[in-house]
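There are 2 protein chains.
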Amino acid sequence: MKYTSFSTDDILNLEKDFRSNFVNSLNGFKSINLIGTISNQKQSNLAIFNSVIHVGANPPLLGLLMRPPSVKRDTLTNIRETGYFTINHVTEEIYVRAHQTAAKYDSQKSEFEAVFLTTEFSENFPAPYVKESVVKVGLKLMEEHTIESNKTIFIIGQVMEAIVPTHCILKDGLIDLNLAGTITGSGLDSYHSVRKISRLSYAKPGKDIEKIG
Amino acid sequence: MKYTSFSTDDILNLEKDFRSNFVNSLNGFKSINLIGTISNQKQSNLAIFNSVIHVGANPPLLGLLMRPPSVKRDTLTNIRETGYFTINHVTEEIYVRAHQTAAKYDSQKSEFEAVFLTTEFSENFPAPYVKESVVKVGLKLMEEHTIESNKTIFIIGQVMEAIVPTHCILKDGLIDLNLAGTITGSGLDSYHSVRKISRLSYAKPGKDIEKIG
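These protein sequence lines map, in sequence, to chains A and B. Numbered continuously in the numbering used here, the first sequence closes out at residue 213. Numbered continuously in the numbering used here, the second sequence closes out at residue 1213.
Next comes chain A alone, as it looks inside the complex (with noise of 0.2 Å):
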């Protein structure tokens, strides 16, 4: 197989949507969420990221990054405002309308009714879910780094709640996404579905890895 090396000038030195496109692939496959905000006046906000990491069991947390608050970013400064968001998994079913939501709107517009995607409030939770989503789950912020290298926002959330589709959760706590209809992407704009190859033992030494389901 043929390989081709870029050094880091290589990469500054190509064109701008060329570079974006190639360094957004280097990472492999990446979740696709919805995050879903509220502002303190209850304009509801919808946005896709693909940059939600796992980041603690106990207690749960999950991470994600935000582009740098150079020009406004509603779902950031809703974060602030009222330290809560949502995150929702994107299926086959709603994937264009959620990569809809990464346009331009005006902050009067909500992205939920731009794309025709559903608000949904739990009882304890003030940030909107979409309710055509599968799995959801809701954050309170409590932290927020900055990226000195170029000003992005590197945000942790607590787990206060999640709603999961019952037949989905598998009898040792692993959602079954496959189940769920969650998909994946890669670069900025391509989506795949997923199929499962096996899941395997715990890795020990002097030990062969089975496949466990």
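Worth flagging that the hints you see were computed from the coordinates, not collected in a lab. All residues carry an ideal CB built from backbone N, CA and C; glycine is no exception. A few of these clues could be false.
[What the hints assert, rightly or not] For lysine-lysine, the following DSBU-like pairs were computed, each having C-alpha atoms within a straight-line distance of at most 30 Å: (1) Lys204/A to Lys1131/B; (2) Lys131/A to Lys1211/B; (3) Lys1204/B to Lys72/A; (4) Lys2/A to Lys1042/B; (5) Lys1204/B to Lys109/A; (6) Lys72/A to Lys140/A; (7) Lys1104/B to Lys211/A; (8) Lys1140/B to Lys2/A; (9) Lys1211/B to Lys204/A; (10) Lys1204/B to Lys16/A; (11) Lys207/A to Lys1042/B; (12) Lys1016/B to Lys196/A; (13) Lys42/A to Lys140/A; (14) Lys1171/B to Lys1151/B; (15) Lys1042/B to Lys1104/B; (16) Lys16/A to Lys104/A; (17) Lys151/A to Lys140/A; (18) Lys1131/B to Lys1171/B; (19) Lys1131/B to Lys1042/B; (20) Lys1171/B to Lys204/A; (21) Lys1196/B to Lys211/A; (22) Lys72/A to Lys42/A; (23) Lys1002/B to Lys2/A; (24) Lys196/A to Lys1002/B; (25) Lys207/A to Lys151/A; (26) Lys211/A to Lys1016/B; (27) Lys1131/B to Lys1204/B; (28) Lys1196/B to Lys207/A; (29) Lys1211/B to Lys72/A; (30) Lys2/A to Lys1171/B; (31) Lys1109/B to Lys1131/B; (32) Lys16/A to Lys1171/B.
[Unchecked claim] Pulled a few chain A residues facing chain B out of the computed Cβ check, cut under 10 Å: (33) Pro59; (34) Thr101; (35) Ile163; (36) Ser193.
Given chain A's structure and the hints, the job is docking chain B onto it.
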């Protein structure tokens, strides 16, 4: 569809392994990468991570979350010692060996040898790549952020070198990860292959999204 709702307390009261599997499923599908490092004493190390995210394209930056350094963590120690590490995509051919790197080998044993993967060095970069991988990225440590909520460490690296199969680089810069054979993961032990649904056009208010590939 019937849903089950979990509060923070419900999650904290779950059995430890159940909670770990459950919370690790909440962010959706994850990137699966092997992180290659080497100590100052030239002992190589390889470890599987599911937390690598894109941080920025200009300068090209990736981030990853590492567990707390409360016990010996060779990957973090080596990154701090040398300032360099590699990120290597995992394919269906090597995922069982990749998973086995999670076993707690002692520091004198290289996971490369233990799991039968091969170190590969480029001319201009000190940390080892995985020969059997497809997309390989060499990074320089730029920043380290301690997440106060659970003492995990968020690392930022700048891309110094990206080695990519030539035929997988599309004309607009996106790397065709399906063609490369990169896989994705969920939870802590579940591996999945990926099929492209579609690429979508740039989102603008009032403009319909088109499938572009």
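Structure-based check of all given hints:
1. Distance check on the hinted pair: Lys204/A and Lys1131/B sit about 23 Å apart at the alpha-carbon level, within 30 Å; holds.
2. Straight-line distance between C-alpha atoms of Lys131/A and Lys1211/B comes to about 25 Å, which keeps the hinted pair within the 30 Å bound.
3. Taken as a hint, the Lys1204/B and Lys72/A pair is honoured in the structure, with Cα atoms around 16 Å apart against an allowance of 30 Å.
4. Taking the CA atoms of Lys2/A and Lys1042/B, the gap is near 29 Å; set against the 30 Å cutoff, the hint holds.
5. Distance hint between Lys1204/B and Lys109/A is fulfilled; the C-alpha atoms sit about 13 Å from each other, no more than 30 Å.
6. Straight-line distance between C-alpha atoms of Lys72/A and Lys140/A comes to about 21 Å, which keeps the hinted pair within the 30 Å bound.
7. Our distance criterion of 30 Å between C-alpha atoms is met by Lys1104/B and Lys211/A, whose separation comes to about 19 Å.
8. Between Lys1140/B and Lys2/A, the direct Cα distance comes to roughly 25 Å. Compliance with the 30 Å bound is thereby established for this hinted pair.
9. Among the hinted pairs, Lys1211/B with Lys204/A is inconsistent with the structure: their alpha-carbon atoms are about 45 Å apart, more than 30 Å.
10. With a C-alpha separation of about 19 Å, the suggested pairing of Lys1204/B with Lys16/A holds against the 30 Å cut-off.
11. With a C-alpha separation of about 26 Å, the suggested pair Lys207/A and Lys1042/B falls inside the 30 Å cut-off, and the hint holds.
12. A threshold of 30 Å between alpha carbons decides the hint, and for Lys1016/B with Lys196/A the separation of about 24 Å falls inside it, so the pair holds.
13. Between Lys42/A and Lys140/A the alpha-carbon distance is near 17 Å, which keeps this suggested pair within the 30 Å criterion.
14. Between Lys1171/B and Lys1151/B the alpha-carbon distance is near 42 Å, which puts this suggested pair outside the 30 Å criterion.
15. Pair hint Lys1042/B plus Lys1104/B holds up; C-alpha atoms about 19 Å apart against a cutoff of 30 Å.
16. Between Lys16/A and Lys104/A the alpha-carbon distance is near 20 Å, which keeps this suggested pair within the 30 Å criterion.
17. Proximity of Lys151/A to Lys140/A is assessed by CA-CA distance (about 22 Å); at most 30 Å being required, the pair is judged to hold.
18. Distance hint between Lys1131/B and Lys1171/B is fulfilled; the C-alpha atoms sit about 26 Å from each other, no more than 30 Å.
19. Between Lys1131/B and Lys1042/B the CA atoms are separated by roughly 18 Å; this keeps the pair inside 30 Å, and the hint holds.
20. With a C-alpha separation of about 43 Å, the suggested pair Lys1171/B and Lys204/A falls outside the 30 Å cut-off, and the hint is violated.
21. The hinted pair formed by Lys1196/B and Lys211/A meets the criterion: a straight-line CA distance of about 25 Å does not exceed 30 Å.
22. Restraint check for Lys72/A and Lys42/A: the C-alpha separation of about 18 Å stays at or below 30 Å, so the hint holds.
23. Taken as a hint, the Lys1002/B and Lys2/A pair is broken in the structure, with Cα atoms around 50 Å apart against an allowance of 30 Å.
24. The straight-line distance between the Cα atoms of Lys196/A and Lys1002/B is roughly 23 Å, inside the 30 Å bound, and the hint therefore holds.
25. A hinted pair counts as satisfied when its Cα atoms are at most 30 Å apart, and Lys207/A with Lys151/A does not qualify at roughly 44 Å.
26. A C-alpha spacing of about 22 Å is found between Lys211/A and Lys1016/B, which places the hinted pair at or below 30 Å, so the restraint holds.
27. Distance hint between Lys1131/B and Lys1204/B is unfulfilled; the C-alpha atoms sit about 42 Å from each other, more than 30 Å.
28. Under the criterion of a C-alpha separation no larger than 30 Å, the hint pairing Lys1196/B with Lys207/A is inconsistent with the structure, at around 35 Å.
29. With a C-alpha separation of about 28 Å, the suggested pair Lys1211/B and Lys72/A falls inside the 30 Å cut-off, and the hint holds.
30. Distance check on the hinted pair: Lys2/A and Lys1171/B sit about 17 Å apart at the alpha-carbon level, within 30 Å; holds.
31. For the given pair, Lys1109/B sits about 19 Å from Lys1131/B by alpha-carbon distance, which is consistent with the 30 Å threshold.
32. At roughly 13 Å between alpha-carbon atoms, Lys16/A and Lys1171/B fall within 30 Å of each other, so this suggested pair holds.
33. For the restraint placing Pro59/A at the interface with chain B, the shortest Cβ-Cβ distance is roughly 7 Å, inside the 10 Å limit, so the hint holds.
34. Hint on Thr101/A holds. Least Cβ distance to chain B is approximately 7 Å, under the 10 Å limit.
35. With 10 Å as the threshold, the beta carbon of Ile163/A comes within range of chain B, its nearest partner Cβ sitting at about 5 Å, so the hint holds.
36. The interface hint given for Ser193/A holds, since its Cβ lies 5 Å from the closest Cβ of chain B, which is under the 10 Å cut-off.
Hints 9, 14, 20, 23, 25, 27 and 28, counting from the list given before, are not met by this structure.
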